[in-house]
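**Q** In case you want the letters, here they are:
Number of protein chains: 2
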Amino acid sequence: MLKGIASKKTKIALDAMGGDHAPEEIVKGALAAVDDDIIDIILVGRENAVREELDKHNSTGRVLDIVHASEVIAMEERPVAAVKEKRESSIVVGIDLLKRGEVAAFVSAGNTGAVMTAATLMLGRTKGIHRPALGAVFPFPTGPLLCLDLGANADCKATSLVHFAKMGSIYMERIFGMGRPRIGLLSSGEEDTKGSQMVQKTHKMLRKSKLNFIGNVEGRDIASGRADVIVTDGFTGNVLLKLGEGLGEMLIGALRKAVAENPNLKEAAGLLEPTFHSVIGTLDYREYGGALLFGVNGNVIVAHGRSDADAIKNAIITAKREVSQDVAGAFRG
Amino acid sequence: MLKGIASKKTKIALDAMGGDHAPEEIVKGALAAVDDDIIDIILVGRENAVREELDKHNSTGRVLDIVHASEVIAMEERPVAAVKEKRESSIVVGIDLLKRGEVAAFVSAGNTGAVMTAATLMLGRTKGIHRPALGAVFPFPTGPLLCLDLGANADCKATSLVHFAKMGSIYMERIFGMGRPRIGLLSSGEEDTKGSQMVQKTHKMLRKSKLNFIGNVEGRDIASGRADVIVTDGFTGNVLLKLGEGLGEMLIGALRKAVAENPNLKEAAGLLEPTFHSVIGTLDYREYGGALLFGVNGNVIVAHGRSDADAIKNAIITAKREVSQDVAGAFRG
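Going line by line, the protein sequences match chains G and C. Per our numbering, the very first residue in the first sequence carries number 5; after that it's consecutive. Per our numbering, the very first residue in the second sequence carries number 5; after that it's consecutive.
Hints listed in this document are in silico derivations from the structure and should not be mistaken for laboratory results. These numbers come from a predicted model, not from an experiment. Among the hints, a few may not be true.
Copies of the same chain are indistinguishable here, so a pair counts whether it falls within one copy or spans any two.
What the hints assert, rightly or not - With a straight-line Cα cutoff of 30 angstroms, these simulated DSS-like cross-link-like pairs (lysine-lysine) come out:
(1) Lys205 x Lys32
(2) Lys88 x Lys198
(3) Lys261 x Lys205
(4) Lys60 x Lys212
(5) Lys161 x Lys208
(6) Lys161 x Lys205
(7) Lys131 x Lys261
(8) Lys198 x Lys161
(9) Lys270 x Lys103
(10) Lys88 x Lys208
(11) Lys261 x Lys212
(12) Lys88 x Lys13
(13) Lys103 x Lys198
(14) Lys205 x Lys88
(15) Lys214 x Lys13
(16) Lys261 x Lys198
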């Protein structure tokens, strides 16, 4: 089914049907990535729809393969049921390409739960890791920060958080060349005795580990640069992540209102726009590089549902980086 | 020990020794409040130190009593031990005044844990409420939002969250005159099935309650105006609260950096400063009105440790409002 020419470049599968702006923006992002000679891409989705998008652009001569997948898993579908029923969906077909070694990574802006479910069921968990986690690197002004779990597991055991910390440490070593990444445990206070029972237990286990554990960190430390990796349960991580997005929207709303009430502020707001944009963009990781699925046997990147072509290209860059540093392999030890 | 004249105005006790700027800013805040004829105040603390501060200002003729308390509980002390050992501390003496009916409320910018512990042990829990909670009203542009628990209980049972919802509903009815406050349950997704086991159980219980339960809300809804009350466990609430503070600091830092790199932006930043200040101030509730202790038999307000005179005055206004609407009484049914 593969129509492209074999290449020495990294090859990835991209879910052409996933996300609010699929397939248009997905195809545009893929074209931008191959134009920059980043990577070879297989677009996975309804062949006619994908080809139609490709035809809108001058894609002659560009190495973009299509693998047909007749079904689409919608954003609001229940992950487990959708993955089991829609075997011909772009997500299941894409993960299958990864499993069979046809590609080195899979990128999707589709239903996050479905991508996680398909990856876990089809690729299997990394040996020694009980629960996969969703993580993302936030490019704070103080340095990159990896946070996990951002929502794969609403209930976590202490053992899982220790696994997240180990994978996070390896990731920051590999991808950012850090010697001994500083691991922080998110809690409701810095003292060892603060936090839920589960967090207190995790604290003790991390103290005994060989990781560079710096102790508990608080919500404010997420932007303070104290840690290189912050681990938390998927419930707290998800709530935090979405709060960050909400606050970004609140800031934009407040600025718009100020300008509407006083047009003299328009110029000032325009001058400072790049600054606001960098702050807000920092809070919405999926806009710039996608989230990473830690603890499955393969490189899987989840981009934001509302990804535009730029966001898709950034997720592709993240995928390439993961592949080149063999992150998934490093987790296996 | 009371030296003031009896008054028909609401009388409250104010911890003169609590907070980073005690007693200076506390005394200044108290003077501002009595000057505005808001309330009668008893300053609780080391008499000499408090009197020295009062003497710096022209306090003749102002109704400000002092009740001596020889000890101080420091910010970093362990709450339970401190409350048990320091029976002459300003926190314990202040809560005792409230217990004996000498005052209608107690306000402190001191050790939050110690205030909660002293209030719970000395005043007792409200009948039917298992665990007191710390709540605060955020003045979002979309309307006031009450969030609780913000940190009193790191581990919560579903029953407690239902209690928080009931108290929150009564509070918003009483204080803001809302007919049927909309209650949201913080979760990692809007669907009923999202969230931890505890949150899913709470969801079912709230569905069966007589409250105006609107279902799960996400982190982004904190600033969206969808709910009037958002309930969560104290671990998540505390992490969120501190993230809000941290992001405010990040925004300020980004603006300072932008101005330092390009001085032409200084004027623009100055023009928009009130807008930034309103966004950041919204995130730090304790700066403007203090947090409320829900579920103890008495009106107790916790102000921010770094409160200045304005913040103290605002916490005093909050206390007066609670007293006038008899919030604590309403919780008892």
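**Q** Between copies, within a copy, both or neither: which fits lysine 261 and lysine 205 at Cα up to 30 angstroms?
**A** neither (46 angstroms within a copy, 40 angstroms between copies)
**Q** Treating 30 angstroms as the Cα threshold, decide for lysine 60 and lysine 212: within, between, both or neither.
**A** So lysine 60 and lysine 212 fail the 30 angstroms test inside a copy (58 angstroms) and across (54 angstroms) alike.
**Q** With identical chains treated as interchangeable, where does the CA-CA distance between lysine 205 and lysine 32 reach 30 angstroms or less: within a copy, between copies, both, or neither?
**A** neither (47 angstroms within a copy, 44 angstroms between copies)
**Q** Could you figure out if lysine 261 and lysine 198 sit no more than 30 angstroms apart (CA to CA) within one copy, between two copies, both or neither?
**A** neither (40 angstroms within a copy, 34 angstroms between copies)
**Q** Check lysine 161 against lysine 208 for me: Cα-Cα at most 30 angstroms, and say if that holds within a copy, between copies, both or neither.
**A** Classified as both; 13 angstroms inside a copy, 24 angstroms across copies.
**Q** With 30 angstroms as the alpha-carbon cut-off, assign the pair lysine 88 and lysine 208 to within, between, both or neither.
**A** between (39 angstroms within a copy, 28 angstroms between copies)
**Q** My question is about lysine 198 and lysine 161: at a cut-off of 30 angstroms on alpha-carbon distance, are they close within one copy, between copies, both, or neither?
**A** Both: 17 angstroms inside a chain and 18 angstroms across chains, each within 30 angstroms.
**Q** Should lysine 205 paired with lysine 88 be assigned to within, between, both, or neither, using CA atoms and 30 angstroms as the limit?
**A** between (36 angstroms within a copy, 27 angstroms between copies)
**Q** With identical chains, the pair lysine 103 and lysine 198 could be close in the same copy or across copies; at 30 angstroms between alpha carbons, which is it: within, between, both, or neither?
**A** between (42 angstroms within a copy, 29 angstroms between copies)
**Q** Quick one: lysine 161 to lysine 205, C-alpha cut-off 30 angstroms, is that within a copy, between copies, both, or neither?
**A** For lysine 161 and lysine 205, both the intra-copy (9 angstroms) and inter-copy (19 angstroms) Cα distances are at most 30 angstroms.
**Q** I want to check one pair: lysine 270 and lysine 103. Are their C-alpha atoms no more than 30 angstroms apart within a copy, between two copies, both, or neither?
**A** neither (52 angstroms within a copy, 54 angstroms between copies)
**Q** With identical chains, the pair lysine 88 and lysine 13 could be close in the same copy or across copies; at 30 angstroms between alpha carbons, which is it: within, between, both, or neither?
**A** Answer is neither: 32 angstroms inside a copy and 69 angstroms across each miss the 30 angstroms cutoff.
Of the numbered hints given earlier, the model fails hints 1, 3, 4, 7, 9, 11, 12, 15 and 16; all others are met.
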